[in-house]
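J.: According to our numbering, the sequence shown is numbered sequentially starting from 951.
Some clues are possibly wrong.
Stated by the list, open to error - In silico DSBU-like pairs for lysine-lysine, Cα to Cα no more than 30 Å straight-line:
1. Lys1045 x Lys1127
2. Lys1075 x Lys1167
3. Lys1140 x Lys1042
4. Lys1042 x Lys1167
5. Lys1030 x Lys1120
6. Lys1045 x Lys1033
7. Lys1030 x Lys1000
8. Lys1010 x Lys991
9. Lys1188 x Lys1042
10. Lys1012 x Lys1000
11. Lys1042 x Lys1127
Rather than coming from a laboratory, the hints here were simulated on the basis of the structure.
Predicted model only: the values in this text are computed from it and were never measured.
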Amino acid sequence: MREEYFPLRSEYNDYCNWVAGQLTNLRFHLRCMDIVYNTAKGYYVVYCMKLPFGHSVIFKCKRLVIGIGTAPYIPSSVDKDLKGVIHSGQYKYHKAALLDSQRITIIGSGQSAAEIFDDLLDDGKRPFWFTRSPRFFPMDYSKFALEMTSPDYIRHFYHLDGSTKERVLKEQSALYKGINQELVSSIYDKLYERDLDSATVKQPYLFPNCALTQVNKADNWLNCQFVHQETGRTFDHKTMHLILATGYRYNTPRFLHPLMNRIQWTSNGRFDVAADYHIDRDATIFVQNAEMHTHGYNTPDLGMGPYRNAVILNTILGRAHFSIEENVPFQGFAGPGVGMS
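Build out the structure end to end from the sequences listed, making use of the hints.
T.: As structure tokens, this is what we get:
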């Protein structure tokens, strides 16, 4: 038996394909172009374009759930159009070219950066790995930390004030931005074994506390400029390929522009997401994976999908059709007596 609680990406992809193959109400190859609200009749009109042919398809609905996900984030210090710059989400498409590369550099400190580094090690490459984080830290999967992946903690976080939420999120990186502990250990062991087999003096090629500030093209190379976060020293590093494992961020989709006046916004221009995930006054537009600032770090967690779905569907139905577990953790996140039955 494979004693491993984390499915492979390929296994999860197979699972999603299996589920999708059993649902008759899914529509693929449709790009949403615009959504308008018919005030007289009280419904939304969704205008889509059928790919690749381009003809129009129109849907009408009373409720909308926007779950388009996030987009690859490219730091402002990097021109994404420079040859050799790759976001980690496109890694597999560039793998052949990377295997022929004279030097590869990875930016980032999360799971994607680690998996790419590990994969290139297995292919005999010697990639460089930089992160502005103070260390290459593992994800916290301790049992009390996992209790925070719960409806109870989401409710607690939701009722914090905005400035407290921002501070708490910054302190919780190890809960959702770190690396699988087994992978961290595996990478270290591979580096150790490679060093034993090497006749040359060991050279470090993992660099924490290094923030990328600028990237310029220099002949066939990319010249990367860094600043060390603790010493303040600046330095250059040349590479042929630069892999940005810099994560993803939410961008408000263009097709929502006609609905801007129906949507409620925070003072800093983000969705004002209600506890049940609606963002308009009439509770007819819902979001998924766009509410990190209101609901906390559980927002992109796939394991919490059934909970979010149940909350949204209960609101749409107007009754508690799906039961929501409460008081599951042993911890009281808001102190004694608060939120406890």
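J.: Tell me if the straight-line CA distance from Lys1042 to Lys1167 falls inside 30 Å.
T.: holds (23 Å)
J.: Need the status of pair Lys1030, Lys1000: alpha-carbon distance at most 30 Å?
T.: Holds. Lys1030 to Lys1000 sits at ~28 Å (cutoff 30 Å).
J.: Need the status of pair Lys1030, Lys1120: alpha-carbon distance at most 30 Å?
T.: It holds: about 26 Å lies between the C-alpha atoms, which stays within 30 Å.
J.: Holds or violated: are the alpha carbons of Lys1012 and Lys1000 at most 30 Å from each other?
T.: holds (22 Å)
J.: Check the hint pairing Lys1045 with Lys1033 against an upper bound of 30 Å on the C-alpha distance.
T.: Holds, because 15 Å separates the two Cα atoms, which is no more than 30 Å.
J.: Just to be careful, I want the Cα atoms of Lys1075 and Lys1167 compared with a cutoff of 30 Å; is the pair within it?
T.: holds (23 Å)
J.: Verify the proposed pairing of Lys1042 with Lys1127, using a straight-line Cα cut of 30 Å.
T.: Holds: Lys1042 and Lys1127 sit about 21 Å apart, inside 30 Å.
J.: For Lys1140 and Lys1042, compute the direct alpha-carbon distance and say whether it is at most 30 Å.
T.: holds (22 Å)
J.: Is Lys1010 within 30 Å of Lys991, Cα to Cα?
T.: Answer holds: Lys1010 to Lys991 is near 11 Å, not above 30 Å.
J.: Do the alpha carbons of Lys1188 and Lys1042 lie within 30 Å of each other, as the hint requires?
T.: Holds: Lys1188 and Lys1042 sit about 23 Å apart, inside 30 Å.
J.: Within 30 Å, alpha carbon to alpha carbon, are Lys1045 and Lys1127?
T.: Holds, because 24 Å separates the two Cα atoms, which is no more than 30 Å.
Of the hints listed earlier, there is not a single one the structure fails to meet.
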